[in-house]
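Visitor: Chain order of the listed sequences is A and B.
Under the numbering used here, think of the first position of the first sequence as 1, with each following residue one higher.
Under the numbering used here, think of the first position of the second sequence as 311, with each following residue one higher.
Rather than coming from a laboratory, the hints here were simulated on the basis of the structure.
There could be a bad hint or two in this list.
To be verified - Computed spacing ranges between beta-carbons, pair by pair:
# : chain 1 : residue 1 : chain 2 : residue 2 : range
1 : B       : 324       : A       : 30        : 31 to 37 Å
2 : B       : 325       : A       : 82        : 26 to 32 Å
3 : A       : 180       : B       : 342       : 37 to 43 Å
4 : B       : 547       : A       : 253       : 18 to 24 Å
5 : A       : 13        : B       : 521       : 29 to 35 Å
6 : B       : 400       : A       : 116       : 35 to 41 Å
Said to hold, decoys possible - Below, computed lysine to aspartate or glutamate pairings styled on EDC-like, alpha-carbon distance capped at 16 Å:
#  : chain 1 : residue 1 : chain 2 : residue 2
7  : A       : 182       : B       : 367
8  : B       : 551       : A       : 56
9  : A       : 182       : B       : 470
10 : A       : 137       : B       : 470
11 : A       : 274       : B       : 468
12 : A       : 137       : B       : 468
13 : B       : 557       : A       : 253
14 : B       : 312       : B       : 403
15 : B       : 312       : B       : 391
16 : A       : 182       : B       : 332
17 : A       : 216       : A       : 305
18 : A       : 137       : B       : 555
Where is the CB? At the ideal position from N, CA and C, for every residue including glycine.
What follows is each chain in one-letter form.
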Amino acid sequence: MATLIIAEHNNVSLSPDTLKVVNAAMALSPSVSILVAGARCRAVADEVGKVTGVAEVLLADNAVYEHQLAESLSALIAEVAQRYTHILAPATTFGKNLLPRVAALLDVGQLSDVIQIKNADTVIRPIYAGNALAAVKSNDPIKVITIRCAAFEPAQEQAIQVASVSELDIVVANDITQFVSKQAVESERPELAAARVVVSGGRGLGNSESFALVEKLADKLGGAIGASRAAVDAGFVSNDLQVGQTGKIVAPELYIAVGISGAIQHLAGMKDSKVIVAINSDPDAPIFQIADYGLVGDLFELLPELIDSL
Amino acid sequence: MKVLVAIKRVIDPYVKIRVKSDGSGVETNNVKMSMNPFCEIAVEEAVRLKEAGVADEVIVVSAGEINCQEQLRTALALGADRAIHIEAETGLEPLTVAKALQSVMEREQPRLVLMGKQSIDTDNNQVAQMLSALTQLPQGTFASEVIIKGDAVTVTREIDGGLETLSLTLPAIISTDLRLNEPRYASLPNIMKAKKKPMEQLTVAELGVDIVRHQEVLEVMPPPERQGGVRVASVSELVDKLKNEAKVI
């Protein structure tokens, strides 16, 4: 068994999600290889070499990989894939964009968004937005897998580099896709998918001005802000904050749902949070059925009180 | 310009699904079915391109049993010009669907292929990327803006932590995300008109595609139920519990 993990990085540092994939891969073999493809990204390869469980780092450092476009990266990965039985990447927009293209080049299927690796060919993955789980067995010679990172703890980084870095000189140019620009969302708050605390607001807030209460609470707790589909549809916030089936899937240590009734679409995106708090004026709201702590009452009285008491 | 839109019939997103007690799958008998929401966005985008004079024909295609013609008719009512039904059993794997679409592309030679980024039943998010690999065409996944100019399409993509803009040389494959547009509803006159629009039927075999089973679903299970906790009476009790019991703040 030989596992190759595709590192997600920004040419400067490794994404924490990659560490979770390494840990997930420990169910397959005690050591893994990692591919770092980018431009001027040697530092990332050195960092990866310190991760527990990484035995080999492959570095493809070339200007053609600077923006990690799927067209180039998939061909590069397909070139080295035959040496491996498993190819893994995080089920982030990076991995979701890239890995199916790799699978098709290898003429194999892909196991998406895996939450548990049972053995070398069988995994558990959510379907219907997590409203059901499927045990799926792959019959392919190479298993291509994306990992839902919220389901795994990160692998540890050691102080010293243990894995050797070998450079790949495969260059896949691509003249059909051009990178134009990247706009990062500027925010002082942690990113929704990676935050330790998430405070989400729903339709119960009534309008976009009231959403400031959610922001204040999040800032007190050093958390990210999220929203229900209803709050997004009502125009309170933009839909990159949407938590749920069609938005972000989060699993923070603390999730506070404010004025959210708990439609199944929303629950699918947050029910794996460690501790869930629901604050809602409707005592029959379905959110209370999954909340560890429920508080019934008027948001506009309770939220300022909560903010003040933290 | 010809635009091909691939769509899928799924359990309606507002239906609460039920896992069959024998673990063989999810109950689909007597359950309301709809067009996958992300596919509706793809159809809408294609129709808007036609209305803007950029596209001159919109072809909608779906693979599945006879009843997926209902969703194809819906797409025709929304403004697509003609439909192709690829007759196949329900549950084709993404790679097989991609190969069937590749074959349809060879026949139809579209300049642009649009489809939803994922279906809300199997949640795979694979077909557009696989089709791009098979056809060696550029891919613009999770699109929130699509602008066609000459021989290229500029696609703004929703990525973790922001947006990315790419320029793809046509022909290209694009998968649609939620923010791209808000799909319209079909009007009654358009639903009537859609009944007369052409619907071609093809089999997977006629498209020259072998159905290969790469994966087997061994069991479908309900997720572990999360137990509800306690009600707290006040903000101070909540803060106390979070600090001293859950130890999360």
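Visitor: Which numbered hints turn out to be false for this structure?
Guide: 1, 2, 5, 6, 7, 8, 10, 11, 12, 14, 16, 18
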